[in-house]
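Respectively, the protein sequence lines represent chains L and G. So in this note's numbering, spot 61 of the first sequence is number 61, and the numbers just go up one at a time. So in this note's numbering, spot 9 of the second sequence is number 9, and the numbers just go up one at a time.
If you're looking for bench data, these hints aren't it; they were derived computationally from the structure. Just so you know, these numbers come straight off a predicted model, no measurement behind them. A few of these clues could be false.
Here chain L is said to cover these stretches of chain G; the calculated rule only asks that three of the stretch's residues, wherever they fall, bring their Cβ under 8 Å from a Cβ of chain L [claimed, not checked]:
(1) 15-24
(2) 32-38
Beta-carbon label-pair distances, calculated as ranges [claimed, not checked]:
(3) G/22 x L/140: 18 to 26 Å
(4) L/165 x G/39: 36 to 44 Å
(5) G/18 x L/186: 14 to 22 Å
(6) G/22 x L/60: 23 to 31 Å
(7) G/18 x L/156: 15 to 23 Å
(8) G/22 x L/3: 17 to 25 Å
(9) G/133 x L/80: 49 to 57 Å
(10) G/18 x L/22: 27 to 35 Å
(11) G/34 x L/164: 28 to 36 Å
All C-beta atoms in this analysis are idealised placements derived from N, C-alpha and C, irrespective of residue type, glycine included.
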Amino acid sequence: MADQSDQQLLVRIQRGDRRAIEYVIDRYQRALFNFAYRFLNDSDAAADIVQHAFIQLFTHVQDLHADEGLKPWLFRVARHRCLDEIRRQRTTAFSQLAPDDEGGSPLDYYADSAPLPDDLAERDDLQQILAEAIASLPPKYREVVALRYTADLSFAEIGTVLGIPEATAKTQFHRAKPLLRAFLRAKGITQAV
Amino acid sequence: MRPRDTSDERDDVDLLFARLHSVTPPADLTARILRSLPAELPVQAFAPPMRSARPANSGSNIPWRWIALGAGVVLAIMSLRLGGLLDDSGASSVFAQIFSDFGGFLASPSDYLSPLMGELPWFDIIISLTALVTFWVSSSASVDQARGNRPNGRF
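Model the full structure from these sequences, guided by the hints.
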């Protein structure tokens, strides 16, 4: 059953095949968890969101359409839950970075320090810094970056999840990059291309 | 993790985030999810296949109700016909003798069965038995089908 497509597994689940349920969970829980974790920077909340996404799937499995795709559907549910969680927590970090109408730029937040010739392999805090970089983004950019870098979705899939055109997803991703770059440089992280 | 769209060149940020480790979910997450699922999923026993996925040999589209109805009609017709045939051939009177003199039948069954074997309308009997079995099987399947289409309990 591991080599069956999402469609085939979905048909099995619609008939109550619980083994198919386990296969779907195994297939997507890691990617979903990483997305939610990078989005919220909270392992417990990420696990709850993944659990919620799968429960929603199996509760509404009869309503799914074949052309909708199982993967974008799961990520869409997870994304909505993440946004709800953010609203609930009322984090202020993103409000400091969100572009405002008064002309301030998020890039001004980061001091432009000269990159240090660090050997990245020795940076124990690299993982943490990368996670913080994602977490520092405004939600609109954070979700695109998280879907791209942690869930490994294509821009077409990201567009489906977010309900936006693929080109818009690409644009938002490219707009997030200067913010990420500035954050990483402020932390002394740079990567020679 | 590497983005799947290879049309875009990877820049310094992409290369940095390619080093981002994938986090392992909690070991018990799968078990948690499975435990939180309802005991009975909202399943349709004969769920319509997804639009672009038609399962093979599903057996879910057999109209058991109509088969039962047809078998019932055949059974009714054959019952009437069989009764008439048995009467015309005299087999029904042999049966009556068997039941009235059951001891004699047991003592010498061949006296009663020999004339019967030649008179019984075997073809019509086979048709009737087939209709009876079909009616029974399709009725049961129709009831199961109806049960499977009913919504399950709360989740």
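Here is what the structure says about each hint:
Evaluation of the coverage hint for the segment 15-24 of chain G: fulfilled, as 9 residues show C-beta separations to chain L shorter than 8 Å, against a requirement of three. Under the rule that three or more residues need a Cβ within less than 8 Å of chain L, the assignment of the segment 32-38 of chain G holds, with 6 such residues. Separation of residue 22 of chain G from residue 140 of chain L is about 24 Å and conforms to the stated range, judged on CB atoms against 18 to 26 Å. The hinted range of 36 to 44 Å is satisfied by residue 165 of chain L and residue 39 of chain G, whose Cβ atoms lie roughly 42 Å apart.
At about 20 Å, the beta-carbon gap between residue 18 of chain G and residue 186 of chain L stays in the expected band of 14 to 22 Å. Separation of residue 22 of chain G from residue 60 of chain L is about 28 Å and conforms to the stated range, judged on CB atoms against 23 to 31 Å. For residue 18 of chain G paired with residue 156 of chain L, a C-beta distance near 20 Å keeps the hint of 15 to 23 Å intact. A C-beta distance of roughly 22 Å is found between residue 22 of chain G and residue 3 of chain L, which places it inside the suggested range of 17 to 25 Å.
For the pair residue 133 of chain G and residue 80 of chain L, the beta carbons lie near 54 Å from each other, so the given range of 49 to 57 Å is met. At roughly 31 Å, the beta-carbon separation of residue 18 of chain G and residue 22 of chain L lies within the given 27 to 35 Å, and the hint holds. A hinted range of 28 to 36 Å for the beta carbons of residue 34 of chain G and residue 164 of chain L is consistent with their spacing of about 33 Å.
Checked against the numbered hints above, the structure violates none of them.
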